[in-house]
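S.K.: Spelled out, the chains give:
Number of protein chains: 2
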Amino acid sequence: MNLPKANLDRPVAVIGAGLVGAGWAIAFARAGLDVRIYDANPRTAENALPWAATQLEALHRHGLIDEAPATIAARLTLADSLAQAIDGAAYVQESVLERIDVKRQLLLDLDAVADARVIIGSSSSGIKASDFACDLRISPRVLIAHPVNPPYLVPVVELVPSTQTSAETVAFTDALMRGIGQSVVRVRKEIEGFVLNRLQAALLREAWALQRDGIASCEDIDKTVRDGLGWRWSFMGPFETIDLNAPGGVADYAARLGPLYHSIARSRTNDGPWDDELIARVERDRRQHLCADELAARRDWRDERLMAFAAERAKHAADS
Amino acid sequence: MNLPKANLDRPVAVIGAGLVGAGWAIAFARAGLDVRIYDANPRTAENALPWAATQLEALHRHGLIDEAPATIAARLTLADSLAQAIDGAAYVQESVLERIDVKRQLLLDLDAVADARVIIGSSSSGIKASDFACDLRISPRVLIAHPVNPPYLVPVVELVPSTQTSAETVAFTDALMRGIGQSVVRVRKEIEGFVLNRLQAALLREAWALQRDGIASCEDIDKTVRDGLGWRWSFMGPFETIDLNAPGGVADYAARLGPLYHSIARSRTNDGPWDDELIARVERDRRQHLCADELAARRDWRDERLMAFAAERAKHAADS
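Residue numbers (UniProt numbering), protein chains in the order written: chain U, 1 to 320; chain B, 1 to 320.
Bear in mind the hints are in silico, worked out from the structure with no lab data behind them. Errors might be hidden in some of the hints.
For identical chains, the list gives no copy identity; a pair is met inside one copy or between any two copies.
Claimed, not checked - Here are the computed lysine to aspartate or glutamate pairs in the DMTMM-like style, where the Cα-Cα straight-line distance is at most 25 Å:
1. K315 / E46
2. K189 / E219
3. K315 / E294
4. K189 / D285
5. K189 / D131
6. K189 / D275
7. K189 / E304
8. K315 / D303
9. K189 / D34
10. K189 / D300
11. K315 / D213
12. K315 / E57
13. K315 / E219
14. K189 / D276
15. K189 / E277
16. K315 / D109
17. K315 / E283
Just so it is clear, the structure is predicted and the values come from calculations on it, not from any experiment.
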């Protein structure tokens with residue numbers, strides 16, 4: 001697989017070395033970048049290295065990296081402090097806990113030590129940058145760069161500027177992300193959940209309501225997507241799917257099916273939150289198909305399937 | 001690829017020979033069944049045969065059928081009348097126009113000529129069987145069997161009984177559909193749009209609103225799904241995806257992300273229909289990526305990708 005090489009002569013820093021941060025470290029190192037990893041909990045940072053080594057072996061097995069796993073792993077180094085991690089870095093990927101106060105504190109700390117050039121991307125999956133990254137010296141250089149987990153397998157990344165992010169920051173991060181092989185989505189206005197989790201929320205809202213109302217089981221709803229809807233979405237997305245699904249394209253499709261979809265939308269206007277009873281119900285339904293003690297093994301299965309998917313996708317890269 | 005052979009000693013009839021009906025004919029014939037095709041417009045029925053021959057060649061090229069295309073095509077015959085099509089048939093797949101009056105009229109015609117054994121599945125993609133199939137002699141033997149197009153490639157089929165459908169009818173159709181290799185979803189209560197189009201409607205509702213509000217372009221929304229969300233959905237579905245996406249499974253996930261999703265749901269409660277202005281806007285956006293005169297070629301590309309997806313899926317069939 002031919003990966004683009006990022007054109008960057010300075011290292012990047014990954015702050016927060018949980019699954020998301022460590023996954024980012026692989027994505028950067030795979031593209032040839034030196035990566036410094038820092039976590040406020042030293043044990044978390046230390047664990048990231050053997051975990052990354054294991055993932056790199058799996059990527060190699062699936063033909064998803066050309067270099068030896070050890071060559072890529074050698075680009076990962078642990079930093080003893082935040083200041084050391086970002087010293088001279090071109091870019092910082094922040095992947096600390098998804099909580100406004102935690103992210104705000106990290107931004108305050110970065111503001112105290114960052115040089116005037118570094119760009120900071122946040123892995124926030126739904127909290128807007130304007131809620132935690134404004135009114136600082138570094139604010140023009142901060143934006144959201146939200147991945148799907150794990151970012152070294154699933155390529156999409158949403159770039160969402162805050163109200164104070166500069167155009168140069170967006171352009172730099174866009175180029176960097178394309179440079180390491182990610183698929184960049186430009187979100188033009190801030191909105192809670194951005195695009196990815198809003199789309200997921202919409203599908204889940206309906207899925208949970210169908211299960212709650214006894215229309216279908218979790219397994220049958222999953223089957224509807226994995227053996228049906230999900231096929232075209234996985235290589236075209238929803239707009240292209242419907243554009244090709246009526247003789248005259250998307251406007252023709254809207255004329256035919258718009259009334260049905262509007263009627264369905266009107267039937268979902270006042271759902272409450274997922275309450276404890278509903279969560280327990282869905283939990284029981286899922287546990288009929290997968291015991292709690294099989295979750296970890298099934299996650300390994302998922303990652304193998306994602307790698308097979310990525311390898312298959314790479315074959316079609318020229319054909320899209 | 002090993003296809004199951006349907007255990008049925010009588011032919012099936014396909015009524016309505018447009019894309020959906022002709023696609024069903026391939027799915028039945030591929031499994032070894034004799035198929036009689038009838039359309040009120042004889043030209044439509046005649047066109048179905050060469051079209052099916054072309055599709056069978058493509059399936060053969062992708063390793064999706066073991067028999068020679070001509071062997072399978074030889075199981076397709078045209079019927080001169082509705083009565084001739086269903087005479088002695090075990091099962092009728094109705095794929096006429098998606099309009100209550102048209103479907104009701106067909107059911108009245110079938111009621112007049114059907115024998116006491118035939119089971120009738122309707123390809124209706126959103127209209128409930130109770131809206132057109134009740135209070136007839138054949139009503140206990142009618143249900144919805146809604147496919148994704150084309151049914152010989154994408155395996156899911158939703159079975160939705162009307163209030164008058166017998167349990168035997170559901171059991172027979174479930175066994176038949178499994179017998180020809182479809183993935184059966186049992187919808188337990190009638191609801192407009194069933195499961196598949198309700199899930200699609202939910203995603204499209206959000207997608208159109210994001211485009212309308214200037215948050216992201218059609219292309220960026222498609223990218224979010226095809227390079228992100230769609231990967232896991234294409235082999236796991238939405239419930240298994242979230243069940244594996246938190247250490248403690250789906251209940252743990254709901255505790256973490258339920259509040260975000262509820263907040264997003266509350267922000268989508270009063271959308272109007274897709275009006276002409278919005279449809280024109282989406283149409284313009286899509287046409288920047290695909291000219292209207294390229295739609296047909298892009299549909300061929302889609303079908304090739306679906307066949308490659310089906311071939312890849314077959315490899316993982318034992319591994320799910």
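S.K.: If a hint holds in the structure, say so; if it does not, say that too.
M.R.: Quick rundown of the hints versus the structure:
1. For a Cα distance limit of 25 Å, the shortest separation of K315 from E46 qualifies neither inside one copy, at 35 Å, nor across copies, at 38 Å.
2. Within a single copy, K189 and E219 get their C-alpha atoms only as close as 36 Å, which misses the 25 Å cut-off; across copies the closest is 16 Å, which meets it.
3. In this homomeric assembly, K315 and E294 come within 25 Å of each other (Cα to Cα) only across copies, at 23 Å, whereas the closest approach inside a single copy is 32 Å.
4. Within a single copy, K189 and D285 get their C-alpha atoms only as close as 38 Å, which misses the 25 Å cut-off; across copies the closest is 17 Å, which meets it.
5. For a Cα distance limit of 25 Å, the shortest separation of K189 from D131 inside one copy, 14 Å, qualifies, whereas the shortest one across copies, 43 Å, does not.
6. In this assembly of identical chains, K189 and D275 lie within 25 Å of each other by CA distance solely across copies; the values are 23 Å between and 31 Å within a copy.
7. Taking the closest pair of Cα atoms, K189 and E304 never come within 25 Å of each other, the shortest separation being 35 Å inside a single copy and 36 Å across copies.
8. For the homomeric pair K315 and D303, the shortest alpha-carbon distances inside one copy (19 Å) and between copies (17 Å) are both at most 25 Å.
9. Taking the shortest alpha-carbon separations for K189 and D34, neither the intra-copy value of 32 Å nor the inter-copy value of 56 Å comes in at or below 25 Å.
10. Within a single copy, K189 and D300 get their C-alpha atoms no closer than 36 Å, and across copies no closer than 35 Å, so neither meets the 25 Å cut-off.
11. Taking identical chains as interchangeable, the C-alpha atoms of K315 and D213 are never at most 25 Å apart, the minima being 42 Å within one chain and 36 Å between chains.
12. In this assembly of identical chains, the alpha carbons of K315 and E57 lie at most 25 Å apart whether taken from the same copy (20 Å) or from different copies (23 Å).
13. With identical chains, the CA atoms of K315 and E219 are at most 25 Å apart between copies only, with a shortest distance of 22 Å across copies and 31 Å within one.
14. Proximity of K189 to D276 under the C-alpha cut-off of 25 Å is restricted to the inter-copy arrangement: shortest distance 24 Å between copies versus 34 Å within a copy.
15. For the identical chains of this complex, K189 and E277 are inter-copy neighbours only, at 21 Å across copies versus 36 Å inside a copy, given an alpha-carbon limit of 25 Å.
16. For the homomeric pair K315 and D109, neither the shortest alpha-carbon distance inside one copy (44 Å) nor that between copies (50 Å) is at most 25 Å.
17. Neither within a single protomer nor between protomers do K315 and E283 lie at most 25 Å apart by alpha-carbon distance, with minima of 38 Å and 30 Å respectively.
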